[in-house]
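Please model the complete structure; the sequences and the hints are all you need to start from.
Here is what each chain is made of, one letter per residue.
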Amino acid sequence: DAGVIQSPRHEVTEMGQEVTLRCKPISGHNSLFWYRQTMMRGLELLIYFNNNVPIDDSGMPEDRFSAKMPNASFSTLKIQPSEPRDSAVYFCASGVAGLSYEQYFGPGTRLTVT
Amino acid sequence: AQSVAQPEDQVNVAEGNPLTVKCTYSVSGNPYLFWYVQYPNRGLQFLLKYITGDNLVKGSYGFEAEFNKSQTSFHLKKPSALVSDSALYFCAVRGVNQAGTALIFGKGTTLSVSS
Numbered sequence: 219d220a221g222v223i224q225s226p227r228h229e230v231t232e233m234g235q236e237v238t239l240r241c242k243p244i245s246g247h248n249s250l251f252w253y254r255q256t257m258m259r260g261l262e263l264l265i266y267f268n269n270n271v272p273i274d275d276s277g278m279p280e281d282r283f284s285a286k287m288p289n290a291s292f293s294t295l296k297i298q299p300s301e302p303r304d305s306a307v308y309f310c311a312s313g314v315a316g317l318s319y320e321q322y323f324g325p326g327t328r329l330t331v332t
Numbered sequence: 004a005q006s007v008a009q010p011e012d013q014v015n016v017a018e019g020n021p022l023t024v025k026c027t028y029s030v031s032g033n034p035y036l037f038w039y040v041q042y043p044n045r046g047l048q049f050l051l052k053y054i055t056g057d058n059l060v061k062g063s064y065g066f067e068a069e070f071n072k073s074q075t076s077f078h079l080k081k082p083s084a085l086v087s088d089s090a091l092y093f094c095a096v097r098g099v100n101q102a103g104t105a106l107i108f109g110k111g112t113t114l115s116v117s118s
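The listed protein sequences derive, respectively, from chains H and Z. Start counting the first sequence at 219; every next residue gets the next number (this note's numbering). Start counting the second sequence at 4; every next residue gets the next number (this note's numbering).
Worth flagging that the hints you see were computed from the coordinates, not collected in a lab. By construction, the Cβ of each residue, glycine as well, lies at the ideal position given by its N, Cα and C atoms. Treat the hints with care, as some may be off.
[What the hints assert, rightly or not] Example chain H residues on the side facing chain Z (calculated, C-beta under 8 angstroms, incomplete): (1) Glu229; (2) Phe251; (3) Gly260; (4) Leu261; (5) Leu263; (6) Tyr266; (7) Asn268; (8) Phe292; (9) Ala315; (10) Ser318; (11) Tyr319; (12) Tyr322; (13) Pro325.
Below is the structure:
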């Protein structure tokens, strides 16, 4: 299995631009999670989906952030407009709800907003 | 409220010595407990889990963890540390009765193994 796939791996953009991060979960997994990691705040859960339905988005920082999961094999996290404080590593993880709940993480997208 | 605590920001140990990375938790009902490791510029990697059964759980790379219900702890251990074990370690928990499927992660402990 290829594991969780994230793209791009690195993204550098200017303040005010739209940023779209992409994730392909492990085939057969029905839960998908988006996290953000920074030195200051550590690992933060932004949003998660079960069976493509958003369950908890209370971690999404503000309305500039949105996430979608149109099907079981694809999810996006969009930031519009981006700000320098959004600079972080964004991880996607997938798992099987109702089984043992461990999550499998992708390699992350390092976002730099200048 | 459900929570997990890693009381040490950093643990330093010499190669060949035993290591312990501490984790305590608070959940309603029985817990599902996990350890993850993160190497520099990589995603988190699943190490081991406790769901039920034997309190001593063995995982990847020679790591093990002991579930202690009375102390609400799930410390990560290894009998003989390697320099290559140097990384950031996260403990995570989910309560059996918890709604949803999310895990609660600790803040992480940096393990530094010196040669």
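>> Tell me the hint numbers this structure goes against, listed in increasing order.
In response: 1, 8
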